[in-house]
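*Asks:* These protein sequence lines map, in sequence, to chains A and B. For the first sequence, the working numbering gives the first residue as 314, with consecutive numbering after it. For the second sequence, the working numbering gives the first residue as 3, with consecutive numbering after it.
Some clues are possibly wrong.
[To be verified] Pair ranges (Cβ atoms, derived):
| id | chain 1 | residue 1 | chain 2 | residue 2 | range |
| --- | --- | --- | --- | --- | --- |
| 1 | B | Arg109 | A | Pro598 | 30 to 38 Å |
| 2 | B | Glu593 | A | Asp593 | 33 to 41 Å |
| 3 | A | Ala328 | B | Lys328 | 50 to 58 Å |
| 4 | A | Ser452 | B | Ala7 | 18 to 26 Å |
| 5 | A | Glu580 | B | Ser600 | 36 to 44 Å |
| 6 | A | Ser345 | B | Ala165 | 33 to 41 Å |
| 7 | A | Ser452 | B | Gly545 | 27 to 35 Å |
| 8 | A | Ala599 | B | Arg108 | 27 to 35 Å |
| 9 | A | Thr627 | B | Glu169 | 49 to 57 Å |
| 10 | A | Pro598 | B | Leu94 | 26 to 34 Å |
Calculated directly from the structure, the hints in this document are not laboratory data. All values derive from a computational prediction rather than experimental measurement. Beta carbons: idealized from backbone N, C-alpha and C, even for Gly.
Listed here are the chains, written in short residue letters.
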Amino acid sequence: MSELRFDQVTVRYGAGRRALTAVDGVDLTVPSGQVVGLVGESGSGKSTLARAAVGLAELSSGQILLDGVPLRHRTGGRRPLQMVFQDPYSSLDPRMTIGDSIAEAVPRSGPPRREEVTRLLELVGLDADRAQAYPGALSGGQRQRVAIARALAGQPDVVIADEITSALDVSIQGTVLNLVRSLQRELRLSMLFISHNLAVVRYVSDYIAVMYLGRIVEFGPAADVLGDPQHPYTKELLAAAPRRGATSLLDPVAPRLSDPAAQAVAERAVQVVAEAEPADPHHPPAGCRFHPRCPIGPLVLSDREHCLTIDPTTDADRRRHRAACHHVAGALQPVTTGSVSKEDSL
Amino acid sequence: MARRARWIAVLRTPVGAGAGVLLLAVLLLALFAPLLWSDQASAIDTEHLLEGTSSQHWLGTDSLGRDIFYRVLVASRTSIMLALLATALGVLAGLVLGTAPVLLGRRAGRLTTALVNIAVAFPGLLLALFFAVIFGVGAKGAVLAIGLAGAPAFARLTQTLVAGIAERDFVAAARIAGVGRFRILLRHILPNIAEPLVVNATIGAGGVLLAFAGLSFLGLGVQPPAYDWGRLMGESLNGIYVHPAAALAPGVAVVIAGLAFNLFGEAVAKGLGVPALVGPRLRTRTPETVPAAPVDDEAVLVVKDLRVSFPGPITPVRGVSFTIHKGEIVGVVGESGSGKSLTALAVAQLIEPPGQVEAAELSFLGAPLLGRLADRGSAATRRRLLGTSFAMVFQDPMTSFNPTKRIGVQLAEGAREHQGLSRRQAMARAVDRLRAVRVPAAGRRARQYPHEFSGGMRQRAMIGMGLMGAPALIVADEPTTALDVTVQRQVLRLLETIRETDDVAVLLISHDITVVAQVCDRVLVMYAGRIVEDLPASDLATGARHPYTRALLAAVPDLDTPLDEPLAVIPGRPVDPSAFPTGCAYRVRCEFVVESCSAKDPELVGADHRVACWNPQGRTVLGIESIRTGQR
């Protein structure tokens with residue numbers, strides 16, 4: 314299989330004062346045969362990054378490489394990147410049988426279409442005789458299976474899954490996630506798995522990338538990122554994710570500290586997080602983009618004015634998990650050492 | 003197929019049937035009249051020139067003594083054929099212009115769109131005359147002129163429809179699959195916009211017929227010796243005071259044929275539009291709802307045997323009973339189709355006809371909301387009670403505010419109406435309430451419009467609007483589904499805080515059992531329009547007894563889900579409210595089925611922890627292994 318690499322990718326919509334930089338200089342690698350989970354809030358640019366990869370959004374600068382070769386999106390022939398969309402109710406043509414929808418994606422040079430459709434339907438756990446059914450006769454989970462079959466029909470090297478379970482009922486979500494995981498292992502697919510749900514991303518991913526306001530703020534092996542998050546935003550996401558047995562959401566209280574100054578800081582940090590507002594992508598803050606809601610940033614600690622002016626993404630490669638934060642624990646690491654830096658810089 | 007059934011349904015309506023018969027008659031006439039009556043129509047009778055109505059010539063004769071009645075009949079073919087030709091030309095040109103943006107790419111597409119927009123600005127008749135002069139006098143010229151004059155309007159329509167379809171995901175999916183632009187247009191876009199285009203072309207044909215008659219009447223259309231209705235009208239006009247029938251007959255023909263096309267198009271448009279709910283109108287007497295004899299002072303909302311039904315008949319909510327006490331947060335979970343949102347809407351009195359709400363009791367703060375007792379109490383009192391003590395928060399914070407009014411004004415509106423505050427007092431209260439829901443810089447924010455608020459802030463403002471009065475109950479229908487996790491937590495925390503400070507009860511509807519488990523005191527689990535389990539939230543993780551609740555809990559991955567085994571799943575698909583199975587609705591997906599499951603729907607029994615199941619699972623610690631794993 315193949316490695317997908319985003320190299321300084323920037324996607325900008327509109328022009329002039331209404332311009333919006335949805336993706337801003339993103340470097341991200343999906344290693345061959347691995348799953349990279351991409352998390353972030355709405356408006357962080359996750360979906361734009363996916364759409365750019367498959368040619369639905371134009372790059373303003375940078376390039377996307379497949380095995381080191383820049384991608385070109387041409388019609389006809391095989392498309393090495395395929396995508397599964399969020400809403401299975403709008404991603405299948407209601408006027409076409411599901412067999413036709415899948416057959417359409419089979420490359421012309423590929424295997425005979427009818428046999429291929431049968432094989433793919435069985436691969437995703439649907440009866441082959443459903444090929445003549447229209448999407449209207451299928452449930453949401455079944456439609457999403459069809460959408461996955463269509464993506465696989467293109468014989469892709471890399472599959473991009475954009476929030477594929479968020480439109481499904483919980484009882485159905487599990488079957489789709491199990492299917493994605495078993496298919497990925499069976500076919501050794503490289504995959505970019507996008508979701509706002511950290512628990513879902515954790516379940517399918519080998520690596521996790523965290524995106525905030527158009528930038529990747531942390532990237533590393535899944536267990537490391539979840540077990541030892543570096544960026545304050547990742548920590549916040551983890552704290553907000555549901556855990557079994559958690560019973561109350563009442564405001565976390567600042568710890569009781571003997572030092573009154575430290576106590577004031579801790580209280581201020583709790584307040585900053587509680588009052589945080591999602592940033593406006595039209596007017597991203599200068600310096601570190603996370604600083605207006607950062608519990609360890611300039612709003613809490615007076616000595617951190619450099620967060621207001623200096624962009625931490627420029628030297629992110631030198632930190633653990635490539636964290637875009639000036640104040641990650643353990644400070645700077647040389648580029649060549651460290652347990653994860655080798656895999657990260659694939 | 004469903005589409006054919008809808009076309010047939012169109013023909014069954016009175017207008018559809020009438021228009022269909024009329025159109026068929028006009029088309030048959032156009033087809034056969036020249037074959038049958040050509041000779042009579044062209045027979046020259048020099049004995050009877052320019053005569054009026056007689057038994058021999060019903061509508062009189064023209065200047066060469068030809069029979070006008072037969073000429074009108076025979077002219078139908080020329081008139082209708084040319085009109086259809088011009089329509090076809092207009093539709094074709096419109097389609098080409100309208101779909102050009104898809105085929106040509108962004109820049110050239112934008113140019114054609116601009117051209118079409120300019121062309122649309124010219125009146126159609128002006129364009130037709132303009133083209134008629136360019137293409138010259140005669141039938142061919144007129145067809146070209148009228149066809150091209152109709153093209154811009156059709157192109158505009160096509161563009162709009164295409165734009166709607168082109169941004170759907172299945173078109174994007176086809177592009178990713180490497181399907182060429184032309185094939186996407188043919189296979190995905192055109193089939194999905196065909197119906198409205200056909201309807202509009204049919205309506206358009208009526209107009210074209212009229213326009214063509216106009217051109218011929220002016221002498222710019224059909225030239226002698228050929229003739230159509232417009233020409234006949236023009237020829238007979240000089241004698242209109244002597245022989246009115248000769249001039250009026252072709253006019254009547256134009257009107258009838260034009261109406262046939264127009265009415266048929268309208269009927270089809272109506273039939274193919276939003277399918278109306280059809281079925282026998284439900285006519286049941288609303289049963290008396292009496293508050294329970296010992297009035298429970300602590301009860302904010304009492305719901306007993308609530309049913310919501312729609313014509314069909316579909317009954318998505320079937321006998322739901324629960325009570326919410328002061329300061330209690332009650333969660334309702336369930337999948338789509340479980341009836342959880344309809345329950346909330348029914349409680350809020352927001353079910354619109356033809357939907358029907360019935361209940362043995364539905365009372366809010368001791369006042370009945372349903373039935374004759376409620377009707378007796380004046381509607382105004384009830385409205386004031388709901389307006390001040392009841393708040394509703396919807397899922398989508400984008401659509402729950404009026405985009406053209408400032409947030410503060412919208413908050414103040416209700417307070418002025420129900421509490422009789424002055425404008426200044428109401429505004430001050432609005433700012434105060436915004437501050438209470440933690441909208442920063444509340445004074446400034448109150449003067450802003452909804453689009454200037456972020457999603458989470460808008461949802462909080464919505465809650466603030468509920469707090470304008472002194473609410474006893476907030477009904478929140480999926481309040482955090484459209485929000486990000488970090489923001490979701492803020493909104494849920496706010497609900498919790500309001501409960502603590504103001505002793506407000508909350509009914510929280512959600513599909514997410516983890517959300518409900520974290521905020522609520524009590525959880526109602528709904529399946530197929532019924533409550534299948536009602537338990538304290540603290541019991542949820544370990545003490546759930548209904549197989550569905552247990553399966554639902556196991557199916558949600560969290561940060562502690564083991565990675566080396568497949569996720570637990572619930573086999574089968576969510577129930578369809580139009581076809582609930584007999585017996586227990588969950589039995590088709592349940593692995594603990596016993597004999598009685600298919601016989602009778604189990605009652606919700608128990609005191610503090612109610613469960614509706616014939617085979618409830620024990621109070622053991624919930625383990626993944628107790629629930630079937632693996633794929634279906």
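*Asks:* Hint by hint, say whether it matches the structure.
*Replies:* Do the hints match the structure? See the list:
For the pair B/Arg109 and A/Pro598, the beta carbons lie near 35 Å from each other, so the given range of 30 to 38 Å is met. Here the CB-CB span from B/Glu593 to A/Asp593 is close to 49 Å, at odds with the stated 33 to 41 Å. Taking 50 to 58 Å as the suggested C-beta distance range, the pair A/Ala328 and B/Lys328 conforms, at roughly 56 Å. In this structure the supplied range 18 to 26 Å holds for A/Ser452 paired with B/Ala7, their Cβ-Cβ distance being about 22 Å.
In this structure the supplied range 36 to 44 Å is violated for A/Glu580 paired with B/Ser600, their Cβ-Cβ distance being about 60 Å. Range check, A/Ser345 to B/Ala165: Cβ separation about 39 Å, and the 33 to 41 Å hint holds. Distance hint check for A/Ser452 and B/Gly545: the Cβ-Cβ separation is about 31 Å, which falls inside the suggested range of 27 to 35 Å. The hinted range of 27 to 35 Å is satisfied by A/Ala599 and B/Arg108, whose Cβ atoms lie roughly 32 Å apart.
Between A/Thr627 and B/Glu169, the C-beta spacing of about 36 Å breaks the proposed range 49 to 57 Å. The hint said 26 to 34 Å for the Cβ distance between A/Pro598 and B/Leu94, and at roughly 54 Å that hint is violated.
Hint violations for this structure: numbers 2, 5, 9 and 10, all remaining hints satisfied.
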